[in-house]
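Using the sequences and the hints given, assemble the complete structure.
Residue 27 in our numbering sits at position 26 of the sequence shown; the count goes up by one each step and never skips.
In case anyone wonders, no lab produced these hints; they're calculated from the structure. All residues carry an ideal CB built from backbone N, CA and C; glycine is no exception. Keep in mind that a hint or two might mislead.
[To be verified] Pair ranges (Cβ atoms, derived):
(1) 45 with 19: 21 to 27 Å
(2) 60 with 8: 29 to 35 Å
(3) 27 with 76: 18 to 24 Å
(4) 34 with 11: 16 to 22 Å
(5) 60 with 2: 19 to 25 Å
(6) 78 with 24: 28 to 34 Å
(7) 3 with 25: 16 to 22 Å
[What the hints assert, rightly or not] Computed cross-link-like contacts, DSBU-like style, restricted to lysine-lysine with a CA-CA straight-line distance of at most 35 Å:
(8) 40 with 27
(9) 20 with 46
(10) 25 with 40
(11) 25 with 42
(12) 40 with 20
(13) 42 with 20
(14) 27 with 42
(15) 27 with 46
(16) 25 with 46
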Amino acid sequence: MSLSNLPINTEGHIVGYSKTLSPKVKWRLQELGFQEGQKVKCLRKVPFGGPRVFLIGDSVYSLASDVAHHILIERVVTQ
Numbered sequence: 002m003s004l005s006n007l008p009i010n011t012e013g014h015i016v017g018y019s020k021t022l023s024p025k026v027k028w029r030l031q032e033l034g035f036q037e038g039q040k041v042k043c044l045r046k047v048p049f050g051g052p053r054v055f056l057i058g059d060s061v062y063s064l065a066s067d068v069a070h071h072i073l074i075e076r077v078v079t080q
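Quick look at the structure:
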């Protein structure tokens with residue numbers, strides 16, 4: 002599942018990146034905290050394919066949908 006498909010108020014763990022993601026973009030995302038194993042929560046989605054807002058640790062980031070699409074996650078199932 003890609004990060005761009007994570008529903009609002011849902012958490013997931015980053016498991017990797019798509020093979021088509023630019024190495025420079027991957028490096029920058031990792032520098033910001035989008036690292037494998039990190040927990041991420043979707044806070045907001047803007048309509049019509051706009052950016053998504055994510056919480057990682059204590060930081061909030063806005064990512065374009067096409068960038069979030071390259072971050073692969075596993076959804077955290079809460080019971």
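Verification of the supplied hints:
Restraint check, residue 45 to residue 19: a C-beta distance of roughly 23 Å satisfies the suggested window 21 to 27 Å. Between residue 60 and residue 8 the beta carbons are some 20 Å apart, a value that contradicts the proposed interval 29 to 35 Å. The hint said 18 to 24 Å for the Cβ distance between residue 27 and residue 76, and at roughly 21 Å that hint holds. Residue 34 and residue 11 have their C-beta atoms about 18 Å apart, which keeps the hinted 16 to 22 Å range intact.
For the pair residue 60 and residue 2, the beta carbons lie near 22 Å from each other, so the given range of 19 to 25 Å is met. One distance hint, 28 to 34 Å for the beta-carbon pair residue 78 and residue 24, holds here, with the actual separation near 32 Å. The hinted window of 16 to 22 Å between residue 3 and residue 25 holds, with their beta carbons roughly 19 Å apart. Distance check on the hinted pair: residue 40 and residue 27 sit about 17 Å apart at the alpha-carbon level, within 35 Å; holds.
With a C-alpha separation of about 25 Å, the suggested pair residue 20 and residue 46 falls inside the 35 Å cut-off, and the hint holds. About 22 Å separates the Cα atoms of residue 25 and residue 40, which keeps this hinted pair within 35 Å; it holds. With a CA separation close to 24 Å, the supplied pair residue 25 and residue 42 stays within the 35 Å bound. For the proposed pair residue 40 and residue 20, the alpha carbon gap of about 21 Å is at most 35 Å, so the pair holds.
For the hint linking residue 42 to residue 20, the alpha-carbon distance of about 23 Å falls within 35 Å, and the restraint holds. A hinted pair counts as satisfied when its Cα atoms are at most 35 Å apart, and residue 27 with residue 42 qualifies at roughly 19 Å. For a cut-off of 35 Å, the pair hint linking residue 27 to residue 46 stands: about 22 Å separates their Cα positions. Distance restraint check for residue 25 and residue 46: the Cα-Cα separation of roughly 25 Å lies within the 35 Å cut-off, and the hinted pair is therefore satisfied.
Of the numbered hints listed earlier, the single one contradicted by the structure is hint 2.
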